[in-house]
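Residue numbers (the numbering used here), protein chains in the order written: chain C, 1 to 391; chain E, 392 to 691; chain X, 692 to 1044; chain P, 1045 to 1578.
Hint data in this document are derived by calculation from the structure and do not stem from the laboratory. Don't take each hint at face value.
[Stated by the list, open to error] As a list, the in silico BS3-like pairs of lysine-lysine whose alpha-carbon atoms are at most 30 angstroms apart:
1) P:K1207 to C:K160
2) P:K1438 to C:K253
3) P:K1184 to E:K624
4) P:K1438 to E:K688
5) P:K1087 to E:K550
6) E:K680 to P:K1335
7) P:K1207 to P:K1184
8) C:K279 to P:K1184
9) P:K1098 to C:K160
10) E:K550 to P:K1197
11) C:K253 to P:K1398
12) C:K279 to P:K1207
13) E:K680 to P:K1197
14) P:K1147 to E:K688
15) P:K1383 to C:K160
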Amino acid sequence: MSEPQKDSNQKFKKITSVFKEWISGNSGVKSTLEELGFSLLSIITAMIVGSLFILIAGESPITAYQALFEGSFGSFDYFLNTLWRSTPLILTGLAVAFSFRAGLFNIGAEGQLIIGGFAAAMVGYVFTDLPTIIHLPVSVLAGMVAGGLWAGIPGLLKAKRGVHEVIVTIMLNHIAISVAIDYGINNFRDGGRQATPYVQETAELFNFNQLGEHSILQHFPPVDIFAAPAINLHLGFIFALIAAVILWYIMWKTTLGYEIRAVGFNSSAAEYGGVNVAKNIILAMVISGAVAGLAGASEALGTHRSFISGMDAGHGFTGIAVALLGRNHPIGVILGGLLFGALAQGGLHMQFAGVPQEIVTIIQALVIFFIASLQMFKIFLVRRKAKGEAK
Amino acid sequence: MEILAELFSLSVIFATLRFATPLILGALGGLISERSGVINIGLEGMMLFGAFAAVYGSGITSNPWMGLILGILAGMLLASIHALVSVKFKADQIISATGINIFATGITVFLLQVLFNTAGTSPRVPRLPAWQIMDFFPFRPITYFALILVPLVWIFLYKTPWGLRIRSIGEHPQAADTLGINVNRWRFICVVISGALAGMAGTHLSIGAGSAFVRDMSAGRGFIALAAMIFGKYNPFGALGAALLFGYSEALALRVDLPFIPDELFRAFPYVVTIIVLAGFIGKATPPKAIGKPYNKSGD
Amino acid sequence: GPADEDENGEEEATEPEDETLQVGIVLSTGGLGDQSFNDAAYRGLEWAEEDFDIEFTHIEPEDVAEDAQSLRQFAERGYDLIFGVGFQMADSLETVAQEYPDIKFGHVDEDFGEDIPDNVESLNFAEHEGSFLAGALAAKVSESGTIGYVGGEDFGLIHRFEGGFVQGAQYIDEDIEIISDYAASFEDSGRGREIALSFIDRGADVIYHAAGGSGMGVIEAAEESGIYAIGVDSNQNWVAPGHVITSMLKQVDNAVYETVERVIDGTYEGGLNREFGLEDDGVSLSSLTEIDVEEEEAVELESIDEEDLEVIKEMKKEITAPHKERIEELEQKIIDEEIEVEDWMFLDERPDY
Amino acid sequence: MKVQYFLHGEFSFSINESLEEIVEKITTLLEMRNITKVFPGVKANDNVNLKIRKGEIHALVGENGAGKSTLMNILYGLYDPDEGDIFYKGEKVRLADPIKAIKLGIGMVHQHFMLVEPLTVAENIVLGNEPLNNNIFINKKLAVKEVQEISDKYGLRVDPNKKIENTSVGMQQRVEIIKILYRGAELLIFDEPTAVLTPQEVVELFDIFNALRDQGKTIIFITHKLGEVREITDRLTVLRRGQTVGTVDTESVTEEDVARMMVGRDVLLRVEKNESKPNDEVLKLENLTTKDHRGVPVVNDVSLSVRSGEIVGIAGVEGNGQSEVIEMITGLQKVDGGKIYFKNKDITNESPKKIKEFKIGHIPEDRRKRGLVLDFDLAENMILGYHHKEPFSKNMRMNYDKIYSYADDMIDKYDVRTPGYHVTADSLSGGNQQKVIIAREFSHEPELLIASQPTRGVDIGAIEFIHQQIVNQRNAGKAVLVVSADLNEVMSLSDRIAVIYDGEIVAIVNSNEVDEFELGALMTGSTPDKEDAK
Ligand SMILES: Nc1ncnc2c1ncn2[C@@H]1O[C@H](COP(=O)(O)OP(=O)(O)OP(=O)(O)O)[C@@H](O)[C@H]1O
Ligand SMILES: Nc1ncnc2c1ncn2[C@@H]1O[C@H](COP(=O)(O)OP(=O)(O)OP(=O)(O)O)[C@@H](O)[C@H]1O
Ligand SMILES: [Mg+2]
Ligand SMILES: [Mg+2]
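Bound conformation, chain C alone (with noise of 0.2 angstroms):
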């Protein structure tokens, strides 16, 4: 503190490595911007694509893709509310991203959002006199715990009997559809809603229109932007990078991301280096499993206010997308969500533009084709050039 000169130069090294280690290559700024490049090139590339489809289905591409911008990013309203839309994607991508990390493939993070979604919006509805400074936090900490136990499963199973994590996954999304919606919402719901009862208000994720009521924000002029009854962004998008940050952390700052990468990458080597290969193993799953639970439990209390069947979207399976598109770090996968979050929020203008929203989902699938594909273009580049300098 004492030399700020010092500490500047510290936090400028720490951003560029944080940059660095995103990239595999460790080649600094410039290759993250060819990276960028790539990854707008590929996105691009699947719009014109998917401009086919439009005109297929009768539509200018160019309205269409209009109102698809001007959907997601045209006002503060709309932005805000894109950010709303990644919020559960962000969060499943971590967790995606963080099993990946540890050699597992968490391809269950659809069933964990929803038994974290699950218990979250049970927690936040059951207790009736809490406190929203304890019901808030035991409420999201239920949907996380309850995640992370669903992924404890298949890291135990995976860490003691070597049974493949991908199928115990399947299994569990399957097993949790039963037990959180045809059993769970079956047996507490009231009313006609397929849907449990909406949490209490103590347990609800605060919503960023509601920033101009508190008390003290509201002398504040700005906080009138957010005013709008339209503006669904809520707390959970906080949580989303604080999660991203954490995870970041644990990864590439502390013993245990240093042991659940070695895992990942070599396990006998780890076991090698005196790391508890199964500890690291469960504790990666619980891990990716609370942050799925996490975005069950910020749908539930923020989105939804209460668990609804439906409510999972497949964000477990775009989470996968998000996560490879991320190139499985948490910046990347910020990045990943907020695309995918901008299709979906985009993607209701465009409906009204009369193009049918499955253009999204075909979008979506392009753009996956696309970053993929690109890549051997990547590669291709990288040889002429590597070629050029060894001459």
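For this one, chain C is given, so just place chains E, X and P with the ligands on it according to the hints.
Frame of chain C, contents of chains E, X and P with the ligands only:
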């Protein structure tokens, strides 16, 4: 006693086979792809797209056999995308297959709207005829195909040179490469075959057993097929056994009321059983060694 | 918010013109093609478009999180009348309606109770009453003494169908065997078919479904096993000619049409929960004796041919016509409140049967 | 003028070529001319020239990363050269893929075996060229028969029906050889075939080489062991940093000459060490036993002690239990019977983490599998096993500043050839990977150092360095336990040698009291009393 009789009644056995049909086909498809080293969690999407195309084909030609062909072709088409992205362009196989699944949900509903002007259930179309064999077995053709394919796939994998090559490619692609076997071409072919089988499974859902396309009608069967494949230890007969077990528990669940277990939870029974069996008795299903890794010849 | 309504409105290509009534409808997830209330509500607007000076736009939210946004988008774009479909959307609609007191709203399938906002008209249907008749007919038609019910997802509204059906069947025959199960999905026709086949294995010869796309499987199973199915929501008699003895019609189309009509007339009354039952044909069975319009339409659309129509005619004559009087009698009794059909929607514990 | 030459193919001569040139042309089977191959960031081959004569055994030597494997992979059609031409039997050829090479009669036994483990020997051999029944099914019988024939003809003992995963390394190598003979190879390339063999197996391999040469085959032989070059080859070519240093007749040079050519300076070929001064007992194994998954003992009743200030070597043919002994000491494998004492403390079945804390350093036998996380950068690899300790971390927080500066130091001190600590271990050559491990294990000043195959696949320059480091440890009063398949290494490093056979220690001898062949005999179990027992 009645329950006991029910456990092995003909109707349960028939229902088991009906449930198992798409699972067997999916599992065989997954098996061929994964034996060559390419993970195929895109079976779900290929099934769904196959189901749609079969309805379209049967609808416009009024010939369900054309529907079958189109269903198979559709599965192959999606599989070629998966192969192109993951084998040729060497992208991560899981990301590519995830893309396939997302794409299939989007494209089927999109085409439903463009072609049938509905987003939910297609019109009914001519379905494959029931083939009564010996006045006894009451199945649709694809069920027989699935059963016949099990030994065929087994013979293909274990008795023919192609099978030998495929197995070696999945275990040690460099070894195959050094003997002049074109690893990536074979992988491409295997993925496309798996798409054909998944497409056939989807066809069974839409115009084999049924007669119309309903959005998202694959309803997770592709994933269950994958589970059957792993559960069956990457062996065609093992996959058959696993698919039959899953089918059996589903068939039973619909017919027998078990005491103590709420109905809704009993639906999860096959999945729970699978986990318990995997954890307790069957032990490890060892996947092919080179699975999931794109093959790079000469560092290119 | 409402403040920047103008800004947004101006840029839109679909800016509503002044005279024409602009109607928006947000369908519930599952969307168009569900052969149920989404389709029916949409159809009601199509009719209205033919008869009145209106334009309408529909939106299918990608997931439940989009409901409120979709409604609000219509409001922000200055639509005059906005419909929401499905009980899952009710809370969203209530919120948005309160934000835009000057816009009129309509909602299908949820009773808002006393607190209904002044600018909302809710359209509700006594599915249990219609299902009662379906159950009664099933019991009449069944020769085996075993009938079945297949639901889609397992929740309140769908229990209402089940409840009506069970009560109707038991009214006719106290000892009738009724088997029921839920497909846990509105889209899994494969499971719907297998459930129906398992019923058939257990002797069922009439099966009623309230299972959306999964119900397609039920009808297919009935057709291939040579037993009878009862359709739901829309007229499904033509789907498997000769095997669907009737359909429990839920006239969402009429109701929606009439709401538009009232807005055009200026007789629209907000703050009202409308109930449509047997009395006003809000729910009913399709004709047990005559060919219905929808069945004729199906021929025009070439979904079925004349021969199929003959089969339907024949079936009606042989199978359902003999029970017409009894069913009509029951209908009257319900209308006269001589028979009280219990609504199972809010039951915590469904009775054993 | 065109001449049909009886050995191979057609040659064209111009009238003004000298006789020498013509003879050269006729006897040359293969010529690689100005070959250049670039990998991202590396010029693996830089204008390399190589001429191979018909019927010779030609050694290709050079340090790790000199470009030997790359050159051979180009010849076998696996890599496409960026520049340069290949002439085979006088004709310019383009080797687009292995099929082309195989058709021409070129076969290669790769450094890492190219065998599919769950398949049988015969299946591996016929893979890609399967004999058929009805044009559809593999004719297994014929396959086995053909394999048997080749096996008989060249004296290559294999069991055609055994699965590869159940065969010894030596047999796997013979399978590789049969694989290429089955395809009618004339020119056989061997990339470091002896690295994994026992002395006896090497002798066998060389017999095979001779038999092949007698049958008119030509052999290119890559090795790091100059004794082997001396023993079996006719000529040798040296590569250094991707370039050809030269080709010479083996007889005309000494090992020192070759070593100098390879590294560009003088090299110490023998380990220099003085008399050992052993002190207290540091490690004591008492009746150590472990069983495999079938319950068969793999290590049986092994007792051994290592004192401070001495190097004890374990000699043995691979697969006789030495790996398990090491893994039991280091906590990586469960001990089923017996005790392990470290400085009189019972450490039986302690966790690997605990064992590390006792200051027991371990250089594992398989650096790629155990020793390194290949996808980690060097810095992270340098702290593997010590990552939870200060200064690298505190309270679970990693301190990367410290880690990086430590890694820099280690790279300097242990002469790791790398652009920096930020590259992944994967991108280093084998020798340099080994140095990373050595740096890591030595820098924590172990009381007991366990070194398993410390120089396997490592070039002479690096071997010299690694051996010196090990001797330094011993001189500093540390206890050292060395396991090596390389007899030379065991003999020159160790003060005492324990010979292990079939899971049991069959003899413990002073290293200056035995010779290579006595040891070799002990290792294969042919001790007099053993034979009596049978
Ligand atoms: N596929 C590849 N991609 C990138 N670089 C490579 C590749 N193969 C080899 N190299 C690099 O090319 C150089 C030469 O490698 P090569 O394998 O030919 O060496 P070598 O002489 O066989 O070494 P060793 O004695 O260790 O086997 C090395 O610097 C190596 O890192
Ligand atoms: N794709 C690659 N990129 C960079 N370097 C590579 C690549 N593939 C191989 N190499 C390097 O090429 C060199 C030669 O590889 P090779 O397989 O011959 O190993 P090696 O150095 O001989 O080690 P060892 O014999 O101990 O396994 C090694 O340094 C290896 O790391
Ligand atoms: Mg090499
Ligand atoms: Mg080497």
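Would the pair P:K1087 and E:K550 pass a check requiring their Cα atoms to be no farther apart than 30 angstroms? violated (44 angstroms)
Quick one, are P:K1184 and E:K624 close enough, alpha carbons at most 30 angstroms? holds (24 angstroms)
Please work out if E:K680 and P:K1197 have their alpha carbons no farther apart than 30 angstroms. violated (34 angstroms)
Would the hint linking P:K1438 and C:K253 be met if the CA-CA limit is 30 angstroms? holds (11 angstroms)
Proposed proximity, P:K1335 with E:K680 (alpha carbon, max 30 angstroms): holds (26 angstroms)
Are P:K1207 and C:K160 close enough, with their CA atoms no more than 30 angstroms apart? Holds: P:K1207 and C:K160 sit about 29 angstroms apart, inside 30 angstroms.
30 angstroms limit on alpha-carbon distance, applied to hinted pair P:K1098 and C:K160: violated (58 angstroms)
Under the criterion that the straight-line Cα-Cα distance not exceed 30 angstroms, is the pair C:K253, P:K1398 satisfied? The hint holds at about 23 angstroms.
Do the alpha carbons of P:K1147 and E:K688 lie within 30 angstroms of each other, as the hint requires? Judged against 30 angstroms, a Cα distance of about 19 angstroms means the pair holds.
P:K1438 paired with E:K688 [C-alpha distance capped at 30 angstroms]: violated (44 angstroms)
Quickly compare the C-alpha distance for C:K279 and P:K1207 to 30 angstroms and report which way the hint goes. violated (35 angstroms)
Given the hint that E:K550 pairs with P:K1197, test it: the Cα-Cα distance must not exceed 30 angstroms. With a Cα-Cα distance of about 28 angstroms, the restraint between E:K550 and P:K1197 holds, given a limit of 30 angstroms.
In the structure shown, a violation is registered for the earlier hints numbered 4, 5, 8, 9, 12 and 13, in ascending order.
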